[in-house]
Structures are given as C-alpha cells and as structure tokens.
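Going down the list, the protein sequences come from chains B and P.
According to our numbering, the first sequence is numbered sequentially starting from 660.
According to our numbering, the second sequence is numbered sequentially starting from 660.
Hint data in this document are derived by calculation from the structure and do not stem from the laboratory.
For clarity, every value in this text was computed on a predicted model and none was experimentally measured.
Where a beta carbon is used, it is the ideal one built from N, C-alpha and C, also for glycine.
One should not assume that every hint holds.
To be verified - Calculated cross-link-like contacts (lysine-lysine; reagent style BS3-like; alpha-carbon spacing at most 25 Å): (1) B:K715 with P:K935; (2) B:K865 with B:K896; (3) B:K677 with P:K858.
Unchecked claim - Footprint (simulated), chain P over chain B, 3 or more residues, beta carbon under 8 Å: (4) 675-689; (5) 746-760; (6) 906-920.
What the hints assert, rightly or not - A few chain P residues that face chain B, going by a derived Cβ cut-off under 7 Å, partial list only: (7) C683; (8) S687; (9) P882; (10) H888; (11) A906; (12) N910; (13) L914; (14) Y918; (15) D922; (16) A929; (17) T932.
Number of protein chains: 2
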Amino acid sequence: MELWYTEEHSEHVRFSIKVDKQLCSKQSRFQRIDVFESPEFGRFFTLDGLMMLTEKDEFIYHEMIVHVPMATNPNIRRVLVIGAGDGGTVRELTRYSTIEHIDMVEIDEEVVNVCRELLPQTACKLDDPRVSLRFEDGLKFVRSKENEYDLIIVDSTDPFGPGEGLFTREFYGNCFKALTEDGILVNQHETPYYSTYAKSMKRAHKRIKEFFPVCRVYQAHIPTYPSGHWLFGFASKKFDPIRDLDADRWNALGLAMRYYNTDIHTGSFAIPTYVKELLAGDEE
Amino acid sequence: MELWYTEEHSEHVRFSIKVDKQLCSKQSRFQRIDVFESPEFGRFFTLDGLMMLTEKDEFIYHEMIVHVPMATNPNIRRVLVIGAGDGGTVRELTRYSTIEHIDMVEIDEEVVNVCRELLPQTACKLDDPRVSLRFEDGLKFVRSKENEYDLIIVDSTDPFGPGEGLFTREFYGNCFKALTEDGILVNQHETPYYSTYAKSMKRAHKRIKEFFPVCRVYQAHIPTYPSGHWLFGFASKKFDPIRDLDADRWNALGLAMRYYNTDIHTGSFAIPTYVKELLAGDEE
Numbered sequence: 660m661e662l663w664y665t666e667e668h669s670e671h672v673r674f675s676i677k678v679d680k681q682l683c684s685k686q687s688r689f690q691r692i693d694v695f696e697s698p699e700f701g702r703f704f705t706l707d708g709l710m711m712l713t714e715k716d717e718f719i720y721h722e723m724i725v726h727v728p729m730a731t732n733p734n735i736r737r738v739l740v741i742g743a744g745d746g747g748t749v750r751e752l753t754r755y756s757t758i759e760h761i762d763m764v765e766i767d768e769e770v771v772n773v774c775r776e777l778l779p780q781t782a783c784k785l786d787d788p789r790v791s792l793r794f795e796d797g798l799k800f801v802r803s804k805e806n807e808y809d810l811i812i813v814d815s816t817d818p819f820g821p822g823e824g825l826f827t828r829e830f831y832g833n834c835f836k837a838l839t840e841d842g843i844l845v846n847q848h849e850t851p852y853y854s855t856y857a858k859s860m861k862r863a864h865k866r867i868k869e870f871f872p873v874c875r876v877y878q879a880h881i882p883t884y885p886s887g888h889w890l891f892g893f894a895s896k897k898f899d900p901i902r903d904l905d906a907d908r909w910n911a912l913g914l915a916m917r918y919y920n921t922d923i924h925t926g927s928f929a930i931p932t933y934v935k936e937l938l939a940g941d942e943e
Numbered sequence: 660m661e662l663w664y665t666e667e668h669s670e671h672v673r674f675s676i677k678v679d680k681q682l683c684s685k686q687s688r689f690q691r692i693d694v695f696e697s698p699e700f701g702r703f704f705t706l707d708g709l710m711m712l713t714e715k716d717e718f719i720y721h722e723m724i725v726h727v728p729m730a731t732n733p734n735i736r737r738v739l740v741i742g743a744g745d746g747g748t749v750r751e752l753t754r755y756s757t758i759e760h761i762d763m764v765e766i767d768e769e770v771v772n773v774c775r776e777l778l779p780q781t782a783c784k785l786d787d788p789r790v791s792l793r794f795e796d797g798l799k800f801v802r803s804k805e806n807e808y809d810l811i812i813v814d815s816t817d818p819f820g821p822g823e824g825l826f827t828r829e830f831y832g833n834c835f836k837a838l839t840e841d842g843i844l845v846n847q848h849e850t851p852y853y854s855t856y857a858k859s860m861k862r863a864h865k866r867i868k869e870f871f872p873v874c875r876v877y878q879a880h881i882p883t884y885p886s887g888h889w890l891f892g893f894a895s896k897k898f899d900p901i902r903d904l905d906a907d908r909w910n911a912l913g914l915a916m917r918y919y920n921t922d923i924h925t926g927s928f929a930i931p932t933y934v935k936e937l938l939a940g941d942e943e
C-alpha cells in the first residue's frame, strides 16, 4: 500500500508527501494535530492539515526567524515568543547566553505535549530554565504588557483558525507597547506567490507599518511551505536590520548554522520587484 | 471530472496542478512534449513530464538567467544560448539594444514549433533579426567556436535525457574556448534541496570551476520547480558579478522587471550555509 499526505497550496495546486506512518492524530480544543513519519522529510507536523514543520527543513524557518533580529541587536535580553508550540524558535533563542528570559505563549497546550513526545528535534529546549511557558491566547497576554521585551517573535499559524487574531491592528499595537525602546518585532509573513497568502501578507505588513518606524520584509527558501518562498516581517522602533548588523561581532559568537549566515542576513532583504509592488499596493 | 498533472520532485514528493485542458502532446525525436492550460499557472509546458515553465512564473527564471550577466557587463554584444526552445531567454536578451547577435542552439526543432504556436508569451521574440536559430546539438555546436561570444547561457533541461551532455567537462571546456576574454557563462544549476538534483549541481559546479577563474552561484525563488529553490552558476574569465555591477548604469536603462532588481542581483549571491557546504564538498 501507499500512504500520501496532501496539502492544498491553492485550490488548484497540491503538494503530496509519501508517508510511512501516522504517529499521532488528535483534536485539541483548538485544532487538529497530526504527526507523520516520511522517507523524504523525516517526521512532519501539521495543524488542521496545514504543514507546520518537517525535520528536514525546519532549520531554515527557525534560523531565519531568530538570528536575523539577534544579529541586528546582540543586546536582546528579554524575548516574547507567540505561538511556536513546536519549540524550534525557543531552541534557536537559547543558543544565546546573553538572553535572560523567554516568555513563550502558546494557545494550545496539546501542541506542546505532542511535540515534546514526537518532535524532540525542535522541542528539546523547552525546559531551559530561562523559558517560561504559558498556555494562553497571545493576543490577550500581550495586552497587559508594557516596555517589557526587547524582541517579540510572532511564530503563528496561518491567519485562518486560532492564529487569526494575531494578524490584527490591535495585536500589533499591543506588541509595540510591550516592547522596550530597543524593541524588534519579527512576524511570519506568509508567501507572496499564492493570492490567499499574499493577501494576509499585505494586511499584516500594512498594519505593522501603522505602528513601527522601521518596517522591512525579508525572505527565505522553505521548500515544504506553499511556493517555497516565505516572507518574514521585521519591524522595530529604531534598529535597522542592515545598517545595524555587525557581521564580525555576530560571527565571533561561533554559532554553527545550516542556513543563516551574515551574507544571507543582508541578502534576504533584497526582495523581488513583484513583492515590493504587492507591499506598496493597496490592501484588497 | 478533474484532471491533474503530477510531477515527482523526488521519489517521495509529488507536486500536482489542476489542469483545464491538455493543449498538445507529442513525441519528438528527442523527447515527449506537452502543453497544458491550468487555472493557477496559465499555460505550462513539460518535457518528458518535467516542468519547464508556467506562464505565471517563467518571468523569474528568465529575468534571473539573463539580467544578472547583462548588468555585470553591459558591453555584451554576442550571445550564445543553448537550449531554451521556449524563447523566454531570447525574449529577455532582445530587450538590450546593445546586443548585436544571438545564436540560439536548440536540439529539438519540435519544441520551438510547439512554443511558437502555444506559448507566444515566451516565443514572441524568436523572429528578432538579431536571432539566428539553429537546430542542432549544443555540445557539438560549441566545439568549433573560438573567441566568439561575450556570454553563453546554458538554459538546458535537467541533466537526464537530451540535456545530459551539457553537464560534462568537455562541454564546459569548449564553452570557455568559445568565449572572448570578457566572457561570462551562466548555467541553470538545479536545486540543492533534493538529493538527485543536488548531485547534478555539485557536478556542474565542480566542472565549471576547472576552467573558469571566477565561479559563483546565485539563487532564485521559482515556485513551480522542485523545492522552489533554484540555483544558477555564474562563471567568467574576469568579471565579478558583485564587484562589477554598476547598479546606477543598469537602472538608467529603465527596463521594467517583475523579479530582478539590482538589490536582488547582489542579494541572490548570498546563499545558505548548507548550499555552500554542498558546493565545497566532494562530488559523490
């Protein structure tokens, strides 16, 4: 027999992965959680059927969402991570001894339980003593915070389902307030290539720009996400990701990477003309 | 009913596109040629079942294979294009009034006939008076050439089937000889992500490096190619694609683009650490 997982990247495009075995399938209060074992990608994990990560390429997403802000401002001490129940973002953050505290706010405890059990590759640092895990709505959590974090990473699901509120004006305004004057916000920004996703990207970008004086977009090649062309939003109160990068200083840390390097840091902010036009255009 | 085209990106990964209609299917002396109409990508064209281009994203491949060398050396006058029967590479080249002559050598005349009929979006400039179309084996054609071209673009199919000889040591050596002292060679280089393709990339890179003093790799996001992460090899006798880029001069040409811009020119040479390691490693 053959077993195939299929994700619809658009109504007319399907991406299918041969599966050896389904390791877990459960319905939490918020969403359906599945983990599969596959010959090409190792284990992979989906929420409501949408790809969250594979063991083969999660390093790309997690290195790019963490090291771009960390190399821009090495003095980041306090970090808030919203979403990211798989632990990959926290794993990369804990590599910096200079980080003192990480609040990780994940709405769905069941996601963390499943990942601890089946995805140790990403969940391995959730017990780091600097990490404080909270199972609540990130949107509500951030409302009461003021001047507390040097970095907020919004590692949300797609803006359909439980992640939806994380793409609103109110949310980004509260993030601004929760950040110190050195504050940086990084947001997973979807793909520009398929129209449903591009709409979310434009909306997020436009809303973040209402609050943050510095607002840039960078990209990475993530083969198992729709189109493989994934964007991140970089917003800050004062740091510019290119001007303020001190490559020698970051390289002196000696952190071994598989995707990120300080050339790609700068290079990833060079985005295609059609993406620039989408970002500059009106929200539909 | 539903009609779906499926390409195997690896033995364990499938990419499927909903098709409205198959517009053409023929077997030439060299390969099977198909053209389809689809709601997501417009028309698309395959050889031996492998995706060559879609109307939606062919601009990315063609802009990146042409404008990177053209912006590096604006004095390119004589160009040899090998493969590229769809005409997209020639279309982009003909936008430069400074180019005097283009030899296009395509092994399979049937490909050009089909594209002229069904893909006018790419084939539209094949009748430009500067273009000399030859239907023969590029490998043989280039053997007799010496000091003739300022630019050779190897826009080949994957190195399985008729394109295979275009990935050999003999071929790259002959390209070196066919180039002037200002010569640049650009080679489509496959994806680093899936192992079969990565092997071809490593082999091509290693062989090109035996002849050319400047040898770099750049990348683009091409959603309908395997993994969406596509590489190009840039090799030259003296021009460095970053040092010799004069962005102001190229921008003064006023050519409208959808993907390429002079920031992405430089940014595309910043490649992930794992790709650098593949390129530096031994051939398997």
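Now for the hints, and whether the structure bears them out:
1. B:K715 with P:K935: Status holds; Cα separation ~17 Å.
2. B:K865 with B:K896: Holds - the C-alpha atoms of B:K896 and B:K865 are around 16 Å apart, at most 25 Å.
3. B:K677 with P:K858: Within the cut-off at roughly 22 Å; holds.
4. 675-689: n = 3 at 8 Å, threshold three: holds.
5. 746-760: Since three or more residues must qualify, the claim that chain P covers the region 746-760 of chain B is violated, with 0 doing so at under 8 Å.
6. 906-920: With 5 residues close enough to chain P, the hint holds.
7. C683: violated (20 Å)
8. S687: violated (28 Å)
9. P882: With a minimum Cβ separation of about 4 Å from chain B (threshold 7 Å), the hint on P:P882 holds.
10. H888: Holds, about 4 Å.
11. A906: P:A906 check fails; min Cβ-Cβ to chain B is 11 Å, beyond 7 Å.
12. N910: violated (12 Å)
13. L914: violated (11 Å)
14. Y918: holds (4 Å)
15. D922: Holds, about 4 Å.
16. A929: holds (3 Å)
17. T932: Interface hint status for P:T932: holds (5 Å vs cutoff 7 Å).
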